[in-house]
Structure formats: C-alpha cells, structure tokens
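**Q** If you want the building blocks of each chain, they are given just below.
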Amino acid sequence: MGIVIRSLRNVIRNPLRTSLITIILTVSIGLALTMATVNGATRNQLASIGENIGTEIQVRPAGEFGMMGGGNSLDEAEVDKLSTITHVVSVQTSTQTMYTGDNLETAAPSGTVGALPYSSSGSTMVAPPSGLDNQRNFRMSIIVMGFDPSITNPTLMGNATLEIAEGRYFTTAESDANVAVFGQNLAEANNLTVGSTIDIEGTTVEVIGIFSTGQRFGDNMFVMPIGTFQRLFNITGVTSVTVTADDVSNVDGVVSAIREIFDANTADIITAQSTYEQIGGSVTNASKASQVGMLAAFGVAAVVILFSVALMVRQRVKEIGILKAIGASSWHIGIQFSIETLVMSLTASIIGALITFPLANSVAKLLSGSTSTVISGGARVGGFFGGGITRIAGINVAVSPEIFLYALATAIVLSIIASIIPAWYIGRVKPAEVFRYE
Amino acid sequence: MNNDNNVIVVNELVKRFKLGATIISAVDGVSFSLPKGQTVAIKGPSGCGKTTLLSLLGALDKPTSGSIIVDGIKISELHGGKEVQYRRQKVGFVFQSYYLILNLTAMENVMLPMDLLGIKRLDQKTKACQLLERVGISSKLHSRYPTRLSGGEQQRVAIARALANDPSVILADEPTGNLDSKTGNVIVNLLHSLSKEGRTLVIATHDAGIAAKSNIVIEMQDGKIANTSIQSDN
Ligand SMILES: Nc1ncnc2c1ncn2[C@@H]1O[C@H](COP(=O)(O)OP(=O)(O)OP(=O)(O)O)[C@@H](O)[C@H]1O
Ligand SMILES: [Mg+2]
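Heads up: the sequence lines are chains A and B, in that order. Mapping of the first sequence onto the working numbering: position 418 corresponds to residue 418, and the numbering continues sequentially without gaps. Mapping of the second sequence onto the working numbering: position 218 corresponds to residue 218, and the numbering continues sequentially without gaps.
Everything labelled a hint here was simulated from the structure, so no lab data went into it. Worth double-checking, as some hints may not be accurate.
[To be verified] Derived pair list, reagent style DSSO-like, types lysine-lysine, alpha-carbon separation capped at 27 angstroms: (1) A:LYS318 x B:LYS125; (2) B:LYS74 x A:LYS430; (3) A:LYS318 x B:LYS82; (4) B:LYS224 x B:LYS74.
Values in this document were obtained by computation on a predicted structure and should not be read as measured data.
Here chain A stands alone, though its shape is the one from the complex:
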C-alpha cells in the first residue's frame, strides 16, 4: 500500500510538473473525446439519413429540375404501369409547376431568402437551396400543384401536409372544376379569402379553401384538381412520381424495372442511394474529419505523456538509484512510476470528459459548418429544389455519460503506453554509476 501513497506523494509534491502535464493531457484527451463524440454523432446522422430516405424512389421528367422545367411531364399511361412492378408498395403522383402569372404576389418577400427564418420540421432546419444562397434578390416562386381529388391528404412539396384551415378541399365531383385551395400565406399576401375569385391563365377560378402547412414554402402555393390543373397550364401527364418499394434491399430491383418503363431520356430516377450519397457526403466528410481529429488528438496525448514520463524518469534517475540501493526492485519502481502516470492521466481524462460536453457541439458545428448537408424529409429532397440539396443545419450531438468510460479507457491505455519507457529505463539504471555522476 505504501507504494500508492508514495506515488500520490510524488504527484502532489510536484504541483508545477503535475499541473503542466495534466493540463496538456487534459486538452488533448478532451479533444480526442470530443472528436470521438462528434464522430459517433455523424455516424448516427448518416444512419438516420439512410433510414429517412428509406425505400422511396423519385421519378421525374428527364432533365427537369423538379417542377422548374415547366412543360415536360411523364406519360400517365406509363406512370400507371409503375404500380404493377413487383415490390412496389405505392405510387404517388403529383403534378406541379411554377406559377408565372404576375397577378399573384409571392408570400415570401424577395431579397431576404438567405435570412429567412426557415421553419423547422422535427429537429432539423430547412434552409434555402444551396445554389440560391448568394442570390439575395431571388424571388420566391409560387408553386401550383394538381391533385387527384380522391387523394384527400396529399403531400405537398417540401414534404408538408395540407391541412384545411378555412373553407374546404375539392371533391371528386370537382376533378375539372375551376376551383383552387390556397396556402394561407399566399392568400393573405393577395387578400384572398374563401369565396374570392382570381384569374389563372385566363380562367376565373374560385378560392374554395385555405390550407396551412406551418411551413413558409408550403404556404406559398395553391392546389387545384388535377383536371383543372392540366387544362389551365396545358400540362398532360404527371411531373413527379414517388414510388415506394417494400424493402431497402429491393430498391435497386425496382429502379431497374422503372428504367424499363422510362429510359434515361424520358425520366430521371433518384434513388435513396444516390440521394444518400449526395446529401450524406458532407456528413461523411465531417465524420472523417472527426475521426482523423480523434486519432491526432489521441496521438498528441500519447506523445505528451511519453515525453513527460521520459523527462520525469530522466530527472529522477538519482531517486531511482537510491530506491534500488535500498532494495527496491526495478519492477517495484516501475509500478510506482506507472501509478503516478495513471493518476495524472486519470485526472486529465476526467476533466477532459467534462470539457467534452460543451466542446463537442461547437466542434460538430465547426466541422459540419456551412458545407453541412444533413437532411430530413427523405425522398422529398430534391423534389422541391430541383434536384438540389436541402440543407439542414446541425448534427445532433448528444454527449453521453459513456464518455466517462471512454475517458477511463483512454487514461488506462495512455498509462500503459507511458509505462513502457520507465520500465525500460529503470531496468538500466545502475546505482553505482548514478551516485558517481549525480
């Protein structure tokens, strides 16, 4: 037991040496743990991106960026074949275009796109399309969508769900009627209420309902029965299809089957995998960066402890000689030094683990930064922003109490590494020579 007391005495009796080594170790261990935490978070994020995207496959007219392309559409008869593909669970079609008439004011004010407080859905934030970031004077477009009236809960662009706030939704009897349901923000921007009429492409259309999505994008649009939409905008066919496969493993097979219906000249197919790669890319980068950072920080910690222990044994060679003369074995002295090192690296690890809590989030932000493209909303990504990237800030970094276990492991591993030099050195110390030269 005396050996532990002696070790502690040495640690405490040299406050300057102890605190210097401990501080440097704390910083490097803290950094290693932080990186480990961030790394874990990015892995989770990648996994959840994969999950979110899941089994959905987007089919859109070739070359068309979302609905921005205008006239192109997919042939409805061909689209109908999609549901006959094996492993396809559902096929949801939608038609959409950008409203270009100048009699409607956009609900999203122009010139402020980049600064808009984009509404959040879940834990993620929807940010503007990357390509438009710098275009401050971008005018937020009004979107028109056409839906089969039998679909009573259509999914809007940007993955929003339509909820009637006032008035009503169109009925199956109105599949070709001149009616429209407006998004709340868009209606307000244009002083439209239930019962108002408006000229759309030369036809007078009645506003029969107002919907809300809770999303700024979602609300800057209006929906019409599919027949009305096709007639007014002179669009036949559909502009977007979401095919859902029954299992992730069948996605590739379904994609090949879709390709037989729509060739590359006719349609673009965005699979979960390609989307995943696209958006997961920078998360992967952050993941790699944090991994490299973790190894580097751990390396620094190892080097620091190796150097300080090497210096320490060198400095205390006389003490080693005395201990040997008195009858302490090299083994015994080695253990004493190892305990000293362990005490310092344990202290550093515990403090390091504590500083990891505030540090991990900052580092995650730093690593993911403005290039981060983490997403929610699954296959809808790209749908709204023309195949672009929906940027969602913030890797969700949760520092778990497990960090203390990692810290403990780090401390022990470092101490073992750091014990190699003293073990080698102490064995070579010859008291007779030490006393002669010291």
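Could you slot chain B with the ligands onto chain A? The hints should help.
**A** For chain B with the ligands alone, kept in the frame of chain A given last:
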C-alpha cells in the same frame, strides 16, 4: 582470518573499468576478512578505490573477478534480482550526500526499507519512531521533508533509514564529507555505536580522525591494500 566469526570475506577482488582504450583497475586484487561487530575504516587518497570497493560489497556493482561472501552469501555471484534482495535484507547504506527521498518525510524515508520488506505499516511507524529517536531526531522533525532539515539532521535520518531493515552490514561512504567537523564527530560516534549491536560497519573516508576511531583500518593505494592495522584499544 578465515573463521566462522567473519561476516565479510573478500578474496582476490578485482574491478576494472574500461574508459575508452584505457583500462582502470579501481580495485586490484584485494583480499581481507572482517569479523562481526567491528568498525572498519577504508582509508586512502582520492581515486584509490574506496567507493568502488563499497559498491562491490553492497552488490551495487559486479566484480570483474574474485569473490565476496557476506553473511554466508556469495554476493559476487548474485543475479536475477537476488542482489536487490540481498541489499534489502542485509545491507544499510549511508552516503556522503545523504540521498534521502525528497518527496517523503523523515519518518517515511525511514519506513521505506521496511515497506519494501512487507512489514505492516503500523509496525513500520513504531520502529521508525524508535530509530529516529535513537539517532537523535526529535519527534517534531519526523514529519519534515528532507529539504527542511540541516545536513547533520539529514544524515541522522539517513542512518536511521540504513538501520530500518536491521542489516548485518552498514556501508558508509564519506558519511561526514558534507558536514562540519563537530557534527561529523557526532555522526561518526553514532555510526560506531551501531557496531555494539553486532553490526559490521565499513566506513570509507580519507579523514584520519575517523580512521583512528575504528577497530580495523585498511589503507588503500591504487586499488590495492597498502596496509592493514588492527587497533585493539578501540
Ligand atoms: N564507472 C567508472 N568508469 C570509469 N572509471 C571509474 C568508474 N568508477 C570508478 N572509476 C575509477 O576508478 C578509480 C577509483 O574510484 P573510486 O571512486 O572508487 O575512488 P575513491 O577512493 O572513492 O575516491 P574519492 O575519495 O575521491 O571518493 C578512479 O580512478 C575512478 O576514476
Ligand atoms: Mg569515493
């Protein structure tokens, strides 16, 4: 001289050092036997081989040739950790520069050899107190660190530490070298009193006064014994 009463028997002891191309014979064919409970002074000019001889006797170094038997153990042939065990059990060292462990208190320094022997902590304390009292360190100094003790006090603590493992041989290399003559005298008297307990004391010194107080004086010159004198009146 070779009888059962001899605690140390040295025969044709040689220790050579290689220094580049030259070979230095620090100890060059030394033989002697020392009876138990005697005080022995090894005298001679600087560089004659005193420290080297003590290192060999204490198994801090290995002889080039020749043999050393201490308390029946042929220490010149010890290896594999046995020499550490020998030092732990049979030898007490006293050095010119005291060599106390600076991070341990006076008391803990004295407890250290007992700790290495696996003696219970409480017993260590009791015995350390007795030893410190014996060498004249008052209890208020027990918890002091060496840096806050005078040279004389440090050497007393070092002597107490050398006694802690109840050694049969005490090897002291210039124990008064760093002390004024008055304090030195007190320390030498203290060391000499140890032989009355049946311990054999070997002091390396070039102080004629210290040598004069010893039972046996071995004079060395260039690694060889120049003269051995037995002073029965001490
Ligand atoms: N490790 C060594 N390497 C080379 N030469 C050594 C070594 N140790 C001792 N010597 C030499 O051996 C000789 C004896 O040295 P030693 O220290 O035993 O003398 P000493 O009698 O103790 O001298 P002093 O009175 O100055 O302490 C000296 O010439 C010394 O230089
Ligand atoms: Mg000497």
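**Q** Hints first: check each against the structure and report whether it holds.
**A** Status of the hints after comparison with the structure:
no., hint, result
1, A:LYS318 x B:LYS125, "holds, 25 angstroms"
2, B:LYS74 x A:LYS430, "holds, 20 angstroms"
3, A:LYS318 x B:LYS82, "holds, 21 angstroms"
4, B:LYS224 x B:LYS74, "holds, 22 angstroms"
The structure shown violates none of the earlier numbered hints.
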